[in-house]
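Chain D is already provided as a structure; the job is to place chain L on it using the hints.
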Amino acid sequence: MKKILFIALPVMALFAGCKKESEFLDIPPIQVLPSDVTFSDPALVLAVAGDLYNRQLDFSGLDNGWSSFTDFSESFPSENGSYFYVNRTGWDYSQWGVNWSDAYHYIRDLNLFIQRDSASKELTADDKKRFLAEGRFLRANFYFEMAKRMGGVPLILTPLDYDFKGDPSYLQSARAKESDIYDFVISEAEAIKNDLPADVNEKSRATKGAALAMEARAALYAGSIAKYGANTPAVSLPGGEVGIPSSKAADYYQKALKAAQSLINGEAGAYKLYQVLPNLADNFTAIFLDKSSVNQESIFIEDFKVNGGKTHAFTTNDQPYSFSDEGGDAGRLNPSLNFVEAFEKLDNTYAPLPTVDGAGNPIYYDTLQKIFAGRDARLEGTVIIPGSKFKGNTVDIWAGYVLADGSIFTSDNATNQKPLPGTTTPIQVVGNDGPIGGLELRTQSGFYIRKWLDPQVGSGRRGRGSDVAFIRYRFAEVLLNAAEAAFELGDMNTAALYMNQVRARAGLTIPLTTGEITFDRIVHERRVELAFEGHQLYDMKRWRLATAVWDGTPTSKADLLSNIGSATKKSTQPWGLWPYKYYNPGSPNNGKWLYKEVLPSPVTGVNRFQLGNYYSFIGDDVRSANPKIVRQPNQ
Amino acid sequence: MKSLSYSLLAGVMLTAFACKKDNYAPPSSSLTGTLLYKGDTVGVEYNQVPYQLYQFGFGKTGSIDGTFAPDGNMSQLLFNGNYKFIIPNGQGPFMWPQTPAGAPDSLSITMNGSQHINIEVTPFYMIRNAKITNSGGTLTANFKAEQIITDANAKGIERVVLFVDKTQFASNANPLASASINGGDITDPNNITITLAAPNVAPQKYVFARIAVKIQGVEDLLYGSVQQIPL
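Sequences listed follow chains D and L, in order.
All residue numbers for the first sequence refer to the numbering used here, where the first residue is 1 and numbers rise by one.
All residue numbers for the second sequence refer to the numbering used here, where the first residue is 1 and numbers rise by one.
So that you can see chain D by itself, here it is in the shape it has in the complex (with noise of 0.2 Å):
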């Protein structure tokens, strides 16, 4: 039996042994899936697509941190480490760039992505067919986001691979003009979008909706670069990486037009404003947290989940001081009265919020509301004002009391109470979601963000987080597109047509005569409408507005109330609206509100644009790296 087994075991070995040495060490791994493993399988597909739809890019974003939506005065940011935005006076050149090479990893994933897709011979066609049209929408969309930064960047569009021959040179690409990237988004657009399903209740996939809301947004973005870039010459470069000639105006806005409207001609599915809540703030409020099929709206959003491994912080960071349930973690994004004056009467109006009557005495108020009365209810929908609603209680925002003689009495925190001059009691002097000068993670302004906010119970939470999602194209924008690009072309009637709808779901009933469609008129419709949405700076670099706007001039209280709803106005500090109650048992005004217009005391700095900063610095590492790439010009 043993000698059965010494001979067995050495023919065994032989037998075992007998591998080609070439391929001794060639076993499959077990931790790694070949691509060919992965593109045999729509599930294991699906799950790269995910991480690409993961490393898209945006301005402002739920996951990019609260901080992300502050800046440019359209709000203040109350945090002791963030007050930077408000005492620096200007903007590097670099700033708003991208990383280089993050970005260009990302570009090689989508190329390999793309390439593998169409290479895979075990997917079924459709499969194969949707996911190549997805990796390619992804890819345009982020080319996009390059260009609205940088202007024409190297377009890309296969995987790049070293030969190491020791001559990386045939590697470096010079950059496309700038028209070209806005070309590619645009043809990439119309060449996949019959391959992307078209359904309304498909968000955080690509789809044709998607494809068409982003190729309207490119080439609006292109034609408005195109015919305001005339306004600023210096700011282009001779090979055309930086602006685009005007002749190619008209070409783009028409293009912009016919996207918009298949979109809104129903053919990429039924979308539709959102107007279920019969109040209109609160219905506009429910468009950015209703993630049900009622909301048909929204077009291509970044989801996230509770309990999924997928939320952010928004709420926990801009929630309320007294309703956070996290103990003071609240209150950073503060938007600014410069922001809040903006929103129209409901007579198609501009006025500031009045304050003092003509002769320059205080107006009081009965309700701390009341002043805001009679507005755009998207101001409602995207400010919590004071003594409005959030999760079912009301919010203490108040500034102390106004005294007979004019002078104020408040403490430096709600919790310090004092006795009110003539009484013994103390009670509380401030409101307990602020305003106080200089402290932080109350308001500041007089003024919480709604728009994002969470209402669920919990989402305050760090550990819960929230889930509410980031909404990348939704339809008032696509009506907003096609209203400014038949406006530049001239089609007045078109114009009115679109923007009256956003306007009548706002509350803002009387419809704009085509007479009444003016340049400003587009530039204020997108502010009010698009807030915190992280269109300001493009819609601001792309009019080339953003130096008259951002003149790094200090704004004073004059410059505040007037030139409302022009385009140009200056906005290069924000400023608060305080409240306070007044105090004079004598007078029949006792208790009532007034207001002050205050700049918050850490607004030391100004918005100050320069043209070095309408595209952002490429950097000097990447340059050296690849000396075909020019510099941006003003820098």
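Hints may be right or wrong, so weigh each one.
Once the Cα atoms are required to be at most 25 Å apart in a straight line, the calculated DSS-like pairs of lysine-lysine come out as [claimed, not checked]:
#1 Lys177/D with Lys165/D
#2 Lys227/D with Lys38/L
#3 Lys389/D with Lys596/D
#4 Lys84/L with Lys628/D
#5 Lys291/D with Lys310/D
#6 Lys345/D with Lys121/D
#7 Lys84/L with Lys557/D
#8 Lys214/L with Lys38/L
#9 Lys258/D with Lys272/D
These aren't lab readings, by the way, just hints derived from the structure by calculation.
Just so you know, these numbers come straight off a predicted model, no measurement behind them.
Structure of chain L alone, referenced to chain D:
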């Protein structure tokens, strides 16, 4: 005990063999320069007009950046070697020579010890005969805006401004007070007068004032010299 002696030994060795020889000496050659137009200084705003120095021959193309002081001076500590100096396109209230391809032309500088260079530029305008006076709390500035570039590159005046500040950084960046006249309202460029009520700076007994010209389509303002005005 043993570990203590090892760490002592390591410490002694680190001290004994600390890098001394292989450290570079810091740059010691001072390059200073002044923006000039035919011997007259060209005033600019603090920290607004940049220049770039390139030291070539090392493979990398990154620049050494700096900005001009309000009086048009620059200074930079450098290693000895060959440099190229440029002012990037679109910077400064003047024209810097360009290559036919549109890139800024460069000035070659060989550093071998400290040196001073005159940086000749062609401003669009020059502020001449600037007089700023105070009479009874009203500041009056009188000057001539001489147009230097009159060919196809000529640019009009957008506005002329008088800046007043408590410090000598009187400029467009957050001045204490300013008054301006739009270009279209200037009747005689040879005799421009701006008046401004002097701001209250008590207990300080003086202010600094500076005249500036904003040229159409040029971001940086052209400045005259800073003047200290007793109140």
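Here is what the structure says about each hint:
{"no.": "1", "hint": "Lys177/D with Lys165/D", "verdict": "violated, 30 Å"}
{"no.": "2", "hint": "Lys227/D with Lys38/L", "verdict": "violated, 40 Å"}
{"no.": "3", "hint": "Lys389/D with Lys596/D", "verdict": "holds, 22 Å"}
{"no.": "4", "hint": "Lys84/L with Lys628/D", "verdict": "holds, 19 Å"}
{"no.": "5", "hint": "Lys291/D with Lys310/D", "verdict": "holds, 15 Å"}
{"no.": "6", "hint": "Lys345/D with Lys121/D", "verdict": "violated, 61 Å"}
{"no.": "7", "hint": "Lys84/L with Lys557/D", "verdict": "violated, 48 Å"}
{"no.": "8", "hint": "Lys214/L with Lys38/L", "verdict": "holds, 21 Å"}
{"no.": "9", "hint": "Lys258/D with Lys272/D", "verdict": "holds, 17 Å"}
Consistency with the previously given hints fails for numbers 1, 2, 6 and 7, ordered from lowest to highest.
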